[in-house]
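Please build the complete structure, drawing on both the sequences and the hints.
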Amino acid sequence: MMPLEHKIPMIPGPKNAYNFTRCKVGKSLWETDEPKTEFDLSDPYCHESGFPYEPLHDKHLHDFFSRPANMKCLLKADLITVDMNVKCSLRDYNIYRKYLNKVYTDHVRKELRRKNHLFVESRALHFAEDQARKEAEKYIS
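FYI, the UniProt record's numbering numbers position 3 of the sequence shown as 3, with every residue one higher than the one before it.
To be clear, the hints were calculated from the coordinates, so they are not data collected in a lab.
Accuracy of the hints is not assured; some may be wrong.
Derived DSSO-like pairs (lysine-lysine); straight-line CA-CA distance at most 27 Å [as the list claims (entries may be wrong)]:
1) Lys102 - Lys87
2) Lys27 - Lys110
3) Lys98 - Lys72
4) Lys98 - Lys110
5) Lys115 - Lys15
6) Lys138 - Lys98
7) Lys87 - Lys15
8) Lys102 - Lys7
9) Lys27 - Lys115
10) Lys59 - Lys72
11) Lys98 - Lys27
12) Lys87 - Lys24
13) Lys87 - Lys72
14) Lys24 - Lys115
15) Lys110 - Lys134
16) Lys115 - Lys59
17) Lys115 - Lys98
18) Lys7 - Lys87
Next up, the structure:
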């Protein structure tokens, strides 16, 4: 298994020897599970990854593409696999892997920031408790 930060190289082979798929028909590619995402300023000109519209991944067109006649046409055009996965090029697949890597690293960074914030708060509370205990010992003795 290759790590997400590496691109998959183009390996010569016969046509249709391997298929790259990202999601099933009607499943959005560019959504995250997190309800609230932060505004990202790391790529202001959208050079890293664009989010092009792809009709096969549109959830509103899922019923249309799931009709048997349309599925037959999509299979004949070699746009989907038998189990309704949408085929893509190696370039698109590598871009999607790069996007997944970015989402993962952003999530890890956010979690580390949260844990660091909790650690700083707990250290401040311990320091305040120690100071209060020392003050109390002064007045008691």
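Hints, one by one, checked against the model:
1. Lys102 - Lys87: This hinted pair holds, its Cα atoms lying about 22 Å apart.
2. Lys27 - Lys110: Given pair Lys27, Lys110 holds - Cα atoms ~26 Å apart, limit 27 Å.
3. Lys98 - Lys72: violated, 32 Å
4. Lys98 - Lys110: holds, 18 Å
5. Lys115 - Lys15: Violated, at about 49 Å.
6. Lys138 - Lys98: Violated - the C-alpha atoms of Lys98 and Lys138 are around 60 Å apart, more than 27 Å.
7. Lys87 - Lys15: Holds - the C-alpha atoms of Lys15 and Lys87 are around 14 Å apart, at most 27 Å.
8. Lys102 - Lys7: holds, 14 Å
9. Lys27 - Lys115: violated, 33 Å
10. Lys59 - Lys72: holds, 19 Å
11. Lys98 - Lys27: holds, 18 Å
12. Lys87 - Lys24: Given that 27 Å is the threshold and the Cα spacing comes to 9 Å, the pair holds.
13. Lys87 - Lys72: The hint holds at about 15 Å.
14. Lys24 - Lys115: Status violated; Cα separation ~35 Å.
15. Lys110 - Lys134: Since the Cα atoms of Lys110 and Lys134 sit roughly 36 Å apart, the hinted pair is violated (cutoff 27 Å).
16. Lys115 - Lys59: It is violated: about 36 Å lies between the C-alpha atoms, which goes past 27 Å.
17. Lys115 - Lys98: holds, 26 Å
18. Lys7 - Lys87: At roughly 18 Å apart (the allowed maximum being 27 Å), Lys87 and Lys7 satisfy the hint.
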